[in-house]
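Visitor: My request is simple: use the sequences and hints to build the entire structure.
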Amino acid sequence: MARWVNIKAIVFFGALLWISSAKSQINVPVPDFEKVDVVEHLGQTLPREAQFVDQNGTTVQLGDLFREHKASVLVFAYHTCPMLCTFVLDAVNKGLRGIPWSVGEQFDVIVISIDPQDTPALASQKREQVLFSYGSRGKQEGWHFLVGDETNIHRVSDAAGFYFRYDSEQKQYAHPAAAFLLTPEGKIARYLYGIEYKPTDLRIGLLEASEGRSISTVEKLLLYCYHYDPKGSHYALVALNVMKLGGCVTVVLLGGMLGFFWIKEMRASARTK
Numbered sequence: 009m010a011r012w013v014n015i016k017a018i019v020f021f022g023a024l025l026w027i028s029s030a031k032s033q034i035n036v037p038v039p040d041f042e043k044v045d046v047v048e049h050l051g052q053t054l055p056r057e058a059q060f061v062d063q064n065g066t067t068v069q070l071g072d073l074f075r076e077h078k079a080s081v082l083v084f085a086y087h088t089c090p091m092l093c094t095f096v097l098d099a100v101n102k103g104l105r106g107i108p109w110s111v112g113e114q115f116d117v118i119v120i121s122i123d124p125q126d127t128p129a130l131a132s133q134k135r136e137q138v139l140f141s142y143g144s145r146g147k148q149e150g151w152h153f154l155v156g157d158e159t160n161i162h163r164v165s166d167a168a169g170f171y172f173r174y175d176s177e178q179k180q181y182a183h184p185a186a187a188f189l190l191t192p193e194g195k196i197a198r199y200l201y202g203i204e205y206k207p208t209d210l211r212i213g214l215l216e217a218s219e220g221r222s223i224s225t226v227e228k229l230l231l232y233c234y235h236y237d238p239k240g241s242h243y244a245l246v247a248l249n250v251m252k253l254g255g256c257v258t259v260v261l262l263g264g265m266l267g268f269f270w271i272k273e274m275r276a277s278a279r280t281k
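With the first letter of the sequence shown counted as 1, position 172 gets the number 180 in the numbering used here; the numbers rise by one all the way through.
Cross-link-like lysine-lysine pairs, in silico, DSS-like; alpha carbons within 25 angstroms at most:
(1) K78 x K195
(2) K102 x K206
(3) K147 x K195
(4) K147 x K78
(5) K179 x K43
(6) K78 x K102
(7) K206 x K195
Listed next, with one range per pair, are the computed distances between beta-carbon atoms:
(8) G65 x K179: 23 to 29 angstroms
(9) E149 x T88: 23 to 29 angstroms
(10) M91 x G51: 28 to 34 angstroms
(11) E48 x T127: 30 to 36 angstroms
(12) P207 x T127: 31 to 37 angstroms
(13) H77 x S176: 41 to 47 angstroms
(14) G65 x T94: 19 to 25 angstroms
(15) R75 x P207: 17 to 23 angstroms
(16) Y201 x T127: 25 to 31 angstroms
I should point out that these hints are in silico values taken from the structure, not numbers from a laboratory.
In this text, all values refer to a predicted model and were calculated from it rather than measured experimentally.
By construction, the Cβ of each residue, glycine as well, lies at the ideal position given by its N, Cα and C atoms.
Guide: If you want it as structure tokens, here you go:
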């Protein structure tokens with residue numbers, strides 16, 4: 009009996025030691041990755057003078073890519089990323105294929121590599137893959153894939169509130185999944201998160217970012233009926249605006265019907281005289 013009690017005691021204390029050891033390992037802080045996050049800086053103008061090299065090997069400043077009356081979609085990625093970057097780029101590509109606008113015509117896409125080791129050749133290769141998936145619509149010159157040094161990368165990513173870290177053990181970058189919608193002046197107009205970007209969210213966000221651009225009546229109605237839900241990180245119908253719009257349409261239709269019958273009655277009365 010005493011021997012059995014001793015065995016149980018050894019097992020019990022051994023379990024306590026294992027739990028204590030496991031807990032201490034779990035609680036080991038990883039400071040480098042605590043700051044992998046997106047902090048929204050809405051209205052922030054990105055540094056126009058930040059210098060990069062595009063997929064053709066041409067040195068450009070970020071501000072050179074901002075076009076008058078054209079919004080931009082900005083994505084941070086790196087071209088040797090084993091998984092997440094491809095998901096984000098594919099999601100942006102898929103979402104953009106679902107809207108009536110085309111890259112290079114109504115808006116541009118800017119992809120900035122967060123890895124200073126990426127080369128223009130890698131950027132060009134990734135761009136070709138994305139273009140193949142996007143199809144023949146739009147203008148290819150609207151797609152900008154940029155590489156640069158660490159200083160310029162962080163100037164833009166920090167201004168955008170996009171924080172990432174390099175994992176030296178895994179030899180990978182830990183980074184969030186997000187896309188940014190920019191105004192023609194390079195100000196951040198909207199943040200979209202995750203690895204799925206609905207065409208509606210992209211279309212409304214680009215309309216919002218385009219600001220002064222001439223938009224169609226249908227597009228104006230879309231802006232009126234939708235608003236951005238920061239909790240859900242997507243656009244949602246505004247019930248009150250829809251009811252207001254429906255009420256206006258009803259008034260117009262009723263007014264038209266009453267006018268039609270009034271004119272008809274007046275003509276009938278004139279014929280009987």
